[in-house]
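Read top to bottom, the protein sequences are chains A and B. Note that the numbering used here has the first sequence beginning at 1, numbered continuously upward. Note that the numbering used here has the second sequence beginning at 1, numbered continuously upward.
Keep in mind that the hints were calculated from the coordinates and are not lab data. In this text, all values refer to a predicted model and were calculated from it rather than measured experimentally. Built from N, CA and C at the ideal position, the CB exists for glycine as well. Hints may be right or wrong, so weigh each one.
Derived CB-CB ranges, DEER-like [as the list claims (entries may be wrong)]:
#1 B:29 to A:329: 52 to 60 Å
#2 A:329 to B:40: 50 to 58 Å
#3 B:78 to A:118: 51 to 59 Å
#4 B:233 to A:118: 43 to 51 Å
#5 A:180 to B:77: 49 to 57 Å
#6 B:181 to A:145: 37 to 45 Å
#7 A:329 to B:124: 42 to 50 Å
#8 A:377 to B:202: 31 to 39 Å
#9 A:269 to B:213: 58 to 66 Å
#10 A:136 to B:181: 23 to 31 Å
#11 B:270 to A:180: 35 to 43 Å
Listed below, chain by chain, are the residues.
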Amino acid sequence: MSIAVRAEHLAKAYQIGVGGERRAAYSTLRDQIAAAFAAPLRTFGRRAKPRTETIWALDDVSFEIRHGETVGIIGRNGAGKSTLLKVLSRITEPTRGRATIYGRVGSLLEVGTGFHPELTGRENIFLNGAILGMHRSEIVRNFDEIVAFAEVEKFIDTPVKYYSSGMYVRLAFAVAAHLEPEILIVDEVLAVGDVRFQKKCLNKMQDVGQDGRTVLFVSHSMSAITRLCSRAILLDHGTVLADGPSHQVASAYLSSGQGTSAVRTWEPASAPGGQVARLRSVCVRNEQLEISDVMDIRQPVYVDLEYEVLQGGRLLLPHFHVHNEEGTRIFTALDLDPQWRRRPRPAGRYISRAQIPGNLLSEGMLSIHPCMLSLSPNQEEFSVPEAVAFQVVDSHDGDSARGDWVGRLGGVVRPMLTWTTPVSPDQGPP
Amino acid sequence: MSIAETQHKRLVEADERPERRAIVIQPTSGWAGLGLRGLWEFRELLYFLVWRDVKVRYKQTVLGASWAILQPLLTMVVFNVFFHRLAKVPSEGDIPYEIFSYAGLLPWQYFSTAVASSSNSLLNSAALIRKVYFPRISVPVASALGGLVDFCFAFLVLLGMMVWFRVVPTPAILLLPIFMLLAIATVVGIGLWLSALSVQYRDVRYIVPFLVQFWLFATPVVYPSSLISEPWRTIYGLNPMVGVVEGFRWALLGTNPPSAAIFVSALVTATLLLTGMLFFQRTERKFADIL
Numbered sequence: 001m002s003i004a005v006r007a008e009h010l011a012k013a014y015q016i017g018v019g020g021e022r023r024a025a026y027s028t029l030r031d032q033i034a035a036a037f038a039a040p041l042r043t044f045g046r047r048a049k050p051r052t053e054t055i056w057a058l059d060d061v062s063f064e065i066r067h068g069e070t071v072g073i074i075g076r077n078g079a080g081k082s083t084l085l086k087v088l089s090r091i092t093e094p095t096r097g098r099a100t101i102y103g104r105v106g107s108l109l110e111v112g113t114g115f116h117p118e119l120t121g122r123e124n125i126f127l128n129g130a131i132l133g134m135h136r137s138e139i140v141r142n143f144d145e146i147v148a149f150a151e152v153e154k155f156i157d158t159p160v161k162y163y164s165s166g167m168y169v170r171l172a173f174a175v176a177a178h179l180e181p182e183i184l185i186v187d188e189v190l191a192v193g194d195v196r197f198q199k200k201c202l203n204k205m206q207d208v209g210q211d212g213r214t215v216l217f218v219s220h221s222m223s224a225i226t227r228l229c230s231r232a233i234l235l236d237h238g239t240v241l242a243d244g245p246s247h248q249v250a251s252a253y254l255s256s257g258q259g260t261s262a263v264r265t266w267e268p269a270s271a272p273g274g275q276v277a278r279l280r281s282v283c284v285r286n287e288q289l290e291i292s293d294v295m296d297i298r299q300p301v302y303v304d305l306e307y308e309v310l311q312g313g314r315l316l317l318p319h320f321h322v323h324n325e326e327g328t329r330i331f332t333a334l335d336l337d338p339q340w341r342r343r344p345r346p347a348g349r350y351i352s353r354a355q356i357p358g359n360l361l362s363e364g365m366l367s368i369h370p371c372m373l374s375l376s377p378n379q380e381e382f383s384v385p386e387a388v389a390f391q392v393v394d395s396h397d398g399d400s401a402r403g404d405w406v407g408r409l410g411g412v413v414r415p416m417l418t419w420t421t422p423v424s425p426d427q428g429p430p
Numbered sequence: 001m002s003i004a005e006t007q008h009k010r011l012v013e014a015d016e017r018p019e020r021r022a023i024v025i026q027p028t029s030g031w032a033g034l035g036l037r038g039l040w041e042f043r044e045l046l047y048f049l050v051w052r053d054v055k056v057r058y059k060q061t062v063l064g065a066s067w068a069i070l071q072p073l074l075t076m077v078v079f080n081v082f083f084h085r086l087a088k089v090p091s092e093g094d095i096p097y098e099i100f101s102y103a104g105l106l107p108w109q110y111f112s113t114a115v116a117s118s119s120n121s122l123l124n125s126a127a128l129i130r131k132v133y134f135p136r137i138s139v140p141v142a143s144a145l146g147g148l149v150d151f152c153f154a155f156l157v158l159l160g161m162m163v164w165f166r167v168v169p170t171p172a173i174l175l176l177p178i179f180m181l182l183a184i185a186t187v188v189g190i191g192l193w194l195s196a197l198s199v200q201y202r203d204v205r206y207i208v209p210f211l212v213q214f215w216l217f218a219t220p221v222v223y224p225s226s227l228i229s230e231p232w233r234t235i236y237g238l239n240p241m242v243g244v245v246e247g248f249r250w251a252l253l254g255t256n257p258p259s260a261a262i263f264v265s266a267l268v269t270a271t272l273l274l275t276g277m278l279f280f281q282r283t284e285r286k287f288a289d290i291l
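With the sequences and hints as input, model every part of the structure.
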């Protein structure tokens, strides 16, 4: 397939002032006049800026994206993700390097930029569409679909300042989603809106990706990245740290954050939880009880929750949820240890360990969401979504639930079932 | 056809699409042209930005669009009382001072409001500029054009006044659009300069009101330009609005035609516009980083 986006040694520098603000380049006339008096010889040259420091938000970034690819861009805050999208959307110029884009670009870096609160929904659709680069005829053609997608039919002639934030976001996303660009650049816009609408947006973007169009997508949600994107690029301090299949890069990212994605620990001061109990660490271990973020599909997986009970005498119920990369909850496991059922726990440090049997989980990235409930009255003590994550892999040895099948195999679980053949020609009719 | 086949077919089709237009993104240095191409490509955006400005301007005001008429009308009354009645500033010829000053106020009010809104337009659109790509030049140009709608309303009042005061326009009225174009070009030129400067120097926001105020007195709005004597007349012509206001009065009220200084005015305007575009395009690339 042909190239859609080619980035060659892209670099972007920002001047950072002493206060750490990005707008050091902004100055008042007074500063300039003062500088002119202070350094008459330098007046016509570049202003001396001893108080600023150069930060490379992007530093020698190169990659190629083909038409029809859906690529996720991940990385910590300040890794350069947004700067990269801004450069590719032509909002800001690179300091060095070059990017070539083949095709019409639509970028959605923030939901609702350009909406005017005094204008009605209808008027804003036209205004926002024009701002995003749509032609009037395109907007007219897609108008009904946009309104239906945003679910604001009844309020289409109401000024958007009277909209709820949900309606506002829905309308804004709907306009952008119908932009029909060949290359769609999307920054973390799905962090807003209710869950149901987020799903709808994700589906819409998936449609765009399957349409043979190119999507570049920045997100902090690994499940959204692995679900939407076939490929991911991991940025760190402005450089490309990893580039490859999204599930691999996603797990590399999770590992780069805390050494490995399979364990996470908290200092007492920052430990999640309240007066009763606090979570101190979570980890996943393989059959040999080694901490690992890659698990053999045939082997059991152990999940350890380490917590501190600060207020003794309560009935506690440690538990966790397991989610797959689509964000679907596969199951919830409650602590069944007979030793501590219906028995108040004294203060102190505990580790509760659960064994997930082998040949149950499906291949892919799974995350653990540890929780603690104190009973009667029931109260949630802590709850940490996506605390740890691990990859379940099948080595295709023929003794897993996939047998000799090497193709794609769906499903949220993959139990090993016992199969018999009560009837076959070999034995004759029963 | 199996899914794989469909997929393949689509891939092949995608490959056979006509040559895509390649956009090259790289650091530019030096002068970057006038930006007319971008302005033309995004002409629909320009239209919608003007439309938005007009739509929003009088929202949630009791009097609504009547303000477009009331502003110049009330200013005319104030000028009439203070400059004509108290300060004894004369009109030109036998034209009533009311219509004399109103005819000057028309282009002047367009000029002053459009310069102010155009100069501040980039700062007011900062959120948009930081998040969406479009030719930045659309913003100050749209602000400069947005004032024309008010101008048209106020112009209707002028026509009414001409009937009331029985002023017959001269054939020169056909030249009116040319004077208006001169005014628009001046506004765009100044707007481009000041809005581009305002991104870097917020001082512009405070300079503009003074600038406009001084400019009013350097323009024959409240007084006839015949009050200015010759050695100064030529320098006076450096102010493009002199030619515009004189031209308006000549075309509508049949006063003295603008002097040859109008050509100096046109030259000044052309220079402002051209340098404004060049300067704007040159600084444009830094807007998103500084705003």
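These are the hints, each one checked on the structure:
no. : hint                       : result
1   : B:29 to A:329: 52 to 60 Å  : holds (54 Å)
2   : A:329 to B:40: 50 to 58 Å  : holds (53 Å)
3   : B:78 to A:118: 51 to 59 Å  : violated (30 Å)
4   : B:233 to A:118: 43 to 51 Å : holds (46 Å)
5   : A:180 to B:77: 49 to 57 Å  : holds (54 Å)
6   : B:181 to A:145: 37 to 45 Å : holds (42 Å)
7   : A:329 to B:124: 42 to 50 Å : holds (46 Å)
8   : A:377 to B:202: 31 to 39 Å : violated (56 Å)
9   : A:269 to B:213: 58 to 66 Å : holds (59 Å)
10  : A:136 to B:181: 23 to 31 Å : holds (26 Å)
11  : B:270 to A:180: 35 to 43 Å : holds (41 Å)
When each numbered hint is compared with the structure, violations occur for hints 3 and 8.
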